[in-house]
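Peer 1: The primary structure of each chain is shown beneath.
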Amino acid sequence: MSRIITLRDALREAMSEEMRRDENVFLMGEEVAEYNGAYKVSKGMLEEFGEKRVIDTPIAELGFTGIGVGAAMNGLRPIVEFMTWNFAILAFDQIVNNAAKTLSQSAGQFSCPIVFRGPSGSAGQLAQQHSQTFESWMANCPGLKVISIIDPADSKGLLKSAIRDEDPVCFMESEVMYGMKGEVPEEEYLTPIGVAAVRKEGTDVTIVSYNKMMEEAKAAAAELEKEGISAEVIDLRTIKPLDYETIVKSVKKTNRLVVVDEAWPFAGVSAEVTYQLQKYAFDYLDAPIVRVNSADTSLAYSAPYVEEYLPNPKKIIDAVKSVMYVGA
Amino acid sequence: MASVIEKGKKKIKSNGKAKSAYSKETYLEWYEMMLRIRRFEEATLMAYGQQKVRGFCHVYIGQEAIAGGLVSALIPGDKIVTAYRQHGIALSRGMDSKSCMAELFGKSTGCVKGKGGSMHFFSKAHDYFGGNGIVGAQIPIGTGIAFAEKYKGTNNLCVTMFGDGASRQGALYESFNMAMTWKIPVLYIVENNGYAMGTSVDRTSNVTDIHTVGDAFDMAHEAIDGMHVEKVHEGLVRAAEHIRAGNGPYFLEIKTYRYKGHSVSDPAKYRTKEELNHYKGLDPVKNTELKILEDKIASKDEIQAIKDKIKIEIKEAVKFAEESPLPDGKGLYEDNYLQKDFPFLT
Ligand SMILES: Cc1ncc(C[n+]2csc(CCOP(=O)(O)OP(=O)(O)O)c2C)c(N)n1
Ligand SMILES: [Mg+2]
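As they're listed, the protein sequences go chains A and B. If you read the first sequence in the working numbering, its first letter stands for residue 1, the second for the next number, and so on. If you read the second sequence in the working numbering, its first letter stands for residue 1001, the second for the next number, and so on.
Chain B extracted, bound-state conformation:
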């Protein structure tokens, strides 16, 4: 495995200093994306409190290193599909914070015209196959997206993301079996944040090292640290190389943590303060900033410039969302069928 890691690292330019394996640009890119997600989510929670965002709303705070790693580890044309805890993943695909925030506000300028809200961003232009509300449904869907890549003979893969809770759905086992049998280029990622709503991983199965489920299918698998963006990047690159070499799927368990409740309405009484504090000590955004400064990868001023830029970007996203018009309710009849004159019942 070690040689594969080396190969993975070489893909990104080294900055020449011994301490950090990645270039300044890479570090700043990671940092900027993670900070963007953090600030976006904070603004989301604020707007939710003001009842400007409604419905079910699940934020990504704590899990940003995973989205960060996705920025650097994929190649153009790779696809992604995930669940409803998806704002961060959408942003990591390059979707802009304005259209995402406007979507949360239910505005016509949203990435899906106010039709999806927090759980359902989509962007074909960004190869982002969406936020899915039904737990586990995206596992076979992602497998099918990857199937199409193989069918078309591309070198692309589909990153298929789901939670620890979702990993207990039967759809996973059926998908794994076919993906492995048919050598489908799918990168399965379980974002193991320890809980499915109020249920801890050890209460859902005898098998708590979720990645070992891959063994039942002879699928390559490993668990990686999801609180450090470098580790995430390396794991993703390893998995992607394995898949692109034609070996079929790879199953990554990324160990992470959500700092907030399951959704905005969950007080998260099922976990201890100590546990939360432990993970807050591993804050991927703060720690990446620290690393950049300590290793002198970039200066304080450069970090501050990113902070200022993101602050303005998110402020503008909220302003854009607030000032955008609501959609016309009649738009409900659009996008149900491609047939233009479909005779709806009344």
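The shape of chain A in the complex, shown without the other chains:
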């Protein structure tokens, strides 16, 4: 049985179910308790779990993230919410220098089972400091796992897996997608970390994306369908470890690949996917892999800048046509 709920509700269900299951799981972050979350993801959780386990922090990202890391090293399983990942930059020292390295430094004696979560990516006209993506930053660092997803059902299953995971996990959501609805099973389930999902089958070209760019990729695929081009659309779901095998399998069928990634182009997820695919599917490619990223610039406020900056169905369709060598 399933029902239709929002991404926001799905994420809350994941946290609440895990907190009911394991009393060592707790949530902390700015406005998570009394205000019910800046984006209402933790609505009602203070009421159910009390202030011992749903904790409002001051605006002190470096400090409360470090407190989370210490607590994780000492037997608890914190969920640290960042109002957005832009503010997690203040806490990168604790995430990168400590959470990611504790196991290695202690030669396996201390682990750090912690989830860092919050929205990543642009969210309308929020300008330079509030519009950045962080998947590739975090995925670059050994010791961290990275999940980035908006599909409600899979978000729930993956967040539960992340909370149960013994390693530190960075979990990336989207501000503008919290209200998006989807079918979510009634009964308990886990979605495995490290496995991509084929969202739409196709034969002519593979489009790979993740997080809210999936919506653009799907819209482009629907448009292409009308023109007789059959696109297979893959949602990475997990960024690290990256499930390139699912993409390789798809490309062996379609022989063409377009990667859609909201991140900046340099050394990002799109670059990594492209590397893996040229390595493992070189002989199957009928055209160079093309990627569609945000512009290689900071994102400015006004609408024309946003339009210029972000990937959209038109840019994706153009990319698909270029790998298919058909006139745009």
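For the record, the hints were derived by calculation from the structure and aren't laboratory data. Even for Gly, the Cβ is constructed at its ideal location relative to N, Cα and C. Be careful, since some hints might not be right.
Stated by the list, open to error - Straight-line alpha carbon distances no greater than 16 Å define the calculated EDC-like cross-link-like pairs of lysine to aspartate or glutamate that follow:
| hint | chain 1 | residue 1 | chain 2 | residue 2 |
| --- | --- | --- | --- | --- |
| 1 | B | K1330 | A | E307 |
| 2 | B | K1340 | A | E308 |
| 3 | B | K1269 | A | E308 |
| 4 | A | K40 | B | D1266 |
| 5 | B | K1330 | A | E308 |
| 6 | B | K1330 | A | D296 |
Claimed, not checked - Okay, the calculated bits of chain B under chain A, using three or more residues with CB under 8 Å as the criterion:
| hint | segment |
| --- | --- |
| 7 | 1046–1058 |
| 8 | 1280–1291 |
| 9 | 1331–1342 |
Unchecked claim - Label pairs and their in silico Cβ distance ranges:
| hint | chain 1 | residue 1 | chain 2 | residue 2 | range |
| --- | --- | --- | --- | --- | --- |
| 10 | B | E1174 | A | Q276 | 38 to 46 Å |
| 11 | A | K181 | B | K1280 | 35 to 43 Å |
| 12 | B | N1247 | A | A303 | 47 to 55 Å |
| 13 | A | K181 | B | K1319 | 39 to 47 Å |
Please arrange chain B with the ligands on chain A, whose structure you already have, making use of the hints.
Peer 2: What follows is chain B with the ligands alone, placed relative to chain A:
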């Protein structure tokens, strides 16, 4: 301290009447600026409702006395940096309401060509180092701006403004320590409006008298009333004199209140009507007008003339913003590097 206050007051010409310590010009200047900010912000909210202004938008309504005091207490060449609740501070620096409104509308005529929006006005010509979106980031930045003044041997300082919420960021403690150790001419102002989003000050720390944090660094500090522009002015002058005398930083806690929610999307359910009404009784714009009239500092007609002037100014600012062209999206590639032919990836 009393003698310092006297010194501060003398800097501005007295109008000779016993009741008010400042000249008519000073009072009218304060009043005009505070009214400009109030009307500007009301127009901002209106335009936001019409979806002409987008993104995060935090207005200054209720806190105008602080901007008012800044008009009179600084000297040319002093610098200012603040957070995202910044429209009022930018206006107080003399930035014109047209370019500020156009910025909110995302137009090419905006003070940063539509690139920053509500959170990021900047104006080098006005020594305004901007609205900053990352809570607390401007605390070390302001310290560095002041460091440069000392380095260059000027007599100027940098006013570094932040909220009560920001005062819990580690960056503050690191900055305070270095500023005090190196005697940097920085005037730290915490605009304590009681809340950081939905979190009241007493829920963020054991120390609710934020200015006393200065004690840990032997930094001069005090709390002042932020609902009265004279009090703000006096506090600022005291602090500025202390700093210009080479004593290093000064930490002012200015107690104020925001009448609206944190941002346009916040219904502000975390506070009571009584509390809001209490502070509305202390409305700095209304009370300054009352004071001017009651003490006969200026006539009703003179006040009305200012009201008319501001009304027209804001109306024209909105018209200017509406009629200005949107920027070309390709401008996205400008201002990322000074290198003209930078090879952007595509
Ligand atoms: C580092 C960082 N963390 C969180 C946020 C989100 N945020 C924006 S404003 C704000 C509250 C700040 O309150 P305060 O400093 O009191 O300033 P006020 O809004 O009252 O002027 C928060 C949490 C941010 N912009 N930057
Ligand atoms: Mg505040």
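Peer 1: Each hint: holds or not?
Peer 2: The hints, checked one at a time:
1. B:K1330 x A:E307: holds (10 Å)
2. B:K1340 x A:E308: violated (19 Å)
3. B:K1269 x A:E308: violated (38 Å)
4. A:K40 x B:D1266: OK: A:K40 and B:D1266 at ~12 Å, within 16 Å.
5. B:K1330 x A:E308: holds (7 Å)
6. B:K1330 x A:D296: Within the cut-off at roughly 12 Å; holds.
7. 1046–1058: It holds: at least three residues are needed, and the segment 1046–1058 of chain B offers 3 whose Cβ sits within less than 8 Å of chain A.
8. 1280–1291: Coverage by chain A is violated for the segment 1280–1291 of chain B (0 residues, Cβ < 8 Å).
9. 1331–1342: holds (count 4)
10. B:E1174 x A:Q276: 38 to 46 Å: For B:E1174 and A:Q276 the Cβ distance comes to about 41 Å; the hint holds.
11. A:K181 x B:K1280: 35 to 43 Å: holds (40 Å)
12. B:N1247 x A:A303: 47 to 55 Å: Taking Cβ atoms as reference, B:N1247 and A:A303 lie about 48 Å apart, which means the hint holds.
13. A:K181 x B:K1319: 39 to 47 Å: holds (41 Å)
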